[in-house]
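Novice: The lines below spell out each chain.
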Amino acid sequence: MSRRIRLPVVPPRRIFIGRALALCFVFLVLAFVLKVLGLPLGMVATLVMTSTFGTEFGLENLALYMTPLLMTGAAVWLALRAGLWNIGAEGQFLAGATAATAVGLFLPLPVIVTLPLAAVAGMIAGACWSAVPAAGRAWLGVSEIITTLLLNFIASYLVYYLVTGPWADRVTGAQVSSERIHAAIPVLYGVVHWGGPLALAVVTALGLLLGRSRFGYELTLSGSNPQAAHYAGVSVAPRLFLALVFSGALAGLGGMMEALGTVHRLQGGLAHGYGYLGIVVALLARQSALALIPAAFLMAVILNTGIVLQTLQVSASSVLAITGLLVFAIAVSDELAAYVRLETRK
Amino acid sequence: MSDFLHHPKTRPADLPAGAPPLLTLSGIAKYFPGVVANKDVSIDFYPGEIHALLGENGAGKSTLMNIVTGLYQPDEGELILDGYGVRFESPEAAIAAGIGMVHQHFKLVSRFTVAENLALGWRETGFRLSASAMARRAEAEATRYGLDIRPAASIDSLTSGEQQRVEILRVLSRGARLLILDEPTAVLSPLEVGELYAALRRFRDGGGAVILISHKLDEIMALADRVTVLRHGQVSGTHLVAQTEPETLVTEMIGRPVEQKSDYPRKRERLVDGAVIVLDNVSCRDRAGQIRLHPLSLEIRSGEILGIAGVTGNGQSELSDLLAGLRSSETGQVRVDGKDMRGRGPNAFRESGIGYVPEDRLHKALAPALGVTENAVMRLFRAGPIGGRLAYHAAEALRFTRSLLDQAQVSLADPSTPVRALSGGNQQRLVLARERMISHRALVASYPSRGLDIGAIALMRDTLAEIRDEGRAVVLVSEDLDELMALSDRIAVLCGGKLMTVEPRGAYDRARIGALMSGRNAEAQS
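As given, the protein sequences belong to chains A and B, one line each in that order.
Numbered according to this note's numbering, the first sequence spans residues 147 to 492.
Numbered according to this note's numbering, the second sequence spans residues -17 to 508.
Treat the hints as calculated values from the structure; they're not laboratory data.
Quick reminder that beta carbons are idealized off the backbone N, C-alpha and C, glycines included.
Among the clues, some could well be false.
Here are the simulated SDA-like pairs of lysine to any residue, each with C-alpha atoms no more than 25 Å apart in a straight line [stated by the list, open to error]:
hint: 1; chain 1: B; residue 1: Lys21; chain 2: A; residue 2: Val486
hint: 2; chain 1: B; residue 1: Lys249; chain 2: B; residue 2: Ile439
hint: 3; chain 1: B; residue 1: Lys346; chain 2: A; residue 2: Val486
One side of the interface only, derived from the structure: several residues of chain A facing chain B at Cβ under 7 Å [as the list claims (entries may be wrong)]:
hint: 4; residue: Val156
hint: 5; residue: Pro158
hint: 6; residue: Arg360
hint: 7; residue: Pro372
hint: 8; residue: Ala374
hint: 9; residue: Ala378
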């Protein structure tokens, strides 16, 4: 006997409470699994807390994780505004990192020139990497989900080819890695570089620009109902194309920051799944660009927790499992938040 | 069984004394959050009668039928079938009990043949299917109920009238004794309406019960035996159709009398008489290359209402899309105010002062998931004060939205509410107000009365007449001949994408226009 009904408009408070409950649910499941694995819960919790928030190393790590997550999250979020699923942030991230590395390795210029040049190169490379799927989606109706996803593998193998072949490190003999790039994004504190503040600025600017520009409005309209956008006199195809291309550029810039700020080399596993985790970040942030910040923070904490768990001999895939569980729990809670119990009045 | 005594005067006329109703609704109530959908609804449906259910949008007709067909459970009251209280836990349970519904939008698989679609509904359809057995079965059912169908034809090759026949036959062949039809004539040509009436009368005379949901009064007067009027979720009266007047029904339906005007005389002299939009030999094809609009030429003049008559799906939507620039013509040209509009998009037409209320408003003229504000400014976001060259001023958009909502007489606390949460009537009012603001030269309105209740329809028609009086042009696409004949200065008839005729006011002949709508040109003229 169903006496529940779905609200057409879900108040944000309900969503928030639902998500808090979902998070608690994830913690409970995690606690249960750790218990079954025979780990003392109190010890694990203390360890996670102290090593994430209690040490300089942990906090630095958190910031370094957050930077690429913010960028890939922003990339996926921007495409979602236009109703598109950019699954290819991973590949665009790598393309951006590769282009930035090329600038850093092969152009003997002063750092002050190299850095902006590398940033632009990264953005262009990321944009190019998403341009083909974007054109296919905008003008031919080819699903961007498949094409962007497949280009990830191409980008990944391309990077492997470069760092084991032509760009392989012949100085220190590091495996699956390019030589150290000498141009580096200036350090803010410890190992934390200026990429972090820049990423925060990009996300904030993105939110402001889309909310207050004609382009932002047209993009939202095109994403929400292409037929109505046509009726409103908006050419939908160029907007979709631009949205995906800009999305790729954001991910590419993220790749540049990672290569020149954090890793200082082009490496095989450079992308580290940031592109896919960016999807989670964007989903968590929903409508608001500023919400990308707490979402990326949460994701960074999970990544850090994964490292702590690894030191306790828990498999490295635990991060993926936790992320999956979180996405699942939040999807369910968002849906359930829309239902209210009916009050039957006599 | 006190319900026998509830409406002693309104039992069907020639019913033998003591014959029990097929289905009795007794004190049915259904509540939704903040809304009373139905309250204290008691109706008897007898075998051998066509019982019309009349009410405005939101009067609770759909909820009531959803209860009868097992989609909802009543919060109060009970359903009594053949004298026994029943509970339909699911639509399947209602079907098993002999209650079948023909929806306004047919639930058929368009790639399947008629016989295959009918087989979908049979409980006895076995594991092995033989095409010839299905066809035989379909033929047998068709003969049994006297409905003419072609078992081997695929659904998408049928007219909507034929599809409706398949839908009815499917419901009947599942053993329905009570047939519910939701707005069944909306998609039919006048000829097909006659055939539907005949089929329903045959079913009734064979002892079946029919519930007819409708807001067309003449339809109810012509077909139904009894009528129950719903208002604000409650029964406001049950009558024998033979002993009642349409005016009484209207008054009961909306709580006050509404004048059904048959004429909208000009309030002032028609000053200008220039052509606003000229269609010169335009035509359209759909994506499959099928011709949807045969080459036609038409002038839309300022200060007039041009009615476009035709059965839905005969080229009206293509024609109105052409007039608003949403579609470009294959041949010929569209001229607005003398300017050739070749290669110009909807925005150029909007700038020329042509407003457009399309047929499918929710999907074509609104973005359902976006807020009311985003939808209100949809056509006007480029110009100041809302838009700049690059900017979009949310605060100005909000101010504009509030004034538009005022004009549209829609009360809404929070304009960030998604449009899909608004009622159909309010969505329609919003689009109409927005497009009226745009239409300096002309307003193209497709089926503007759809989704509005009678009071709002009267208001909408007055608005159209006002626009005409202000010297602007109105193109009114409608399936309602009364509406067209009351408002239009000229009526153009479309059938199969062909322009059959353009009749000036004064030369209207309902029978002739009806015949032309069904494509019978020669016979009608002889």
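Novice: Each of the hints needs a verdict: does it hold here or not?
Specialist: Structure-based check of each hint:
1. B:Lys21 to A:Val486: holds, 22 Å
2. B:Lys249 to B:Ile439: Holds: Lys249 of chain B and Ile439 of chain B sit about 20 Å apart, inside 25 Å.
3. B:Lys346 to A:Val486: Roughly 31 Å separates the two Cα atoms, so the pair is violated.
4. Val156: violated, 10 Å
5. Pro158: violated, 11 Å
6. Arg360: holds, 5 Å
7. Pro372: violated, 9 Å
8. Ala374: holds, 5 Å
9. Ala378: Result: holds, 5 Å to nearest chain B Cβ.
The earlier numbered hints that this structure contradicts are 3, 4, 5 and 7.
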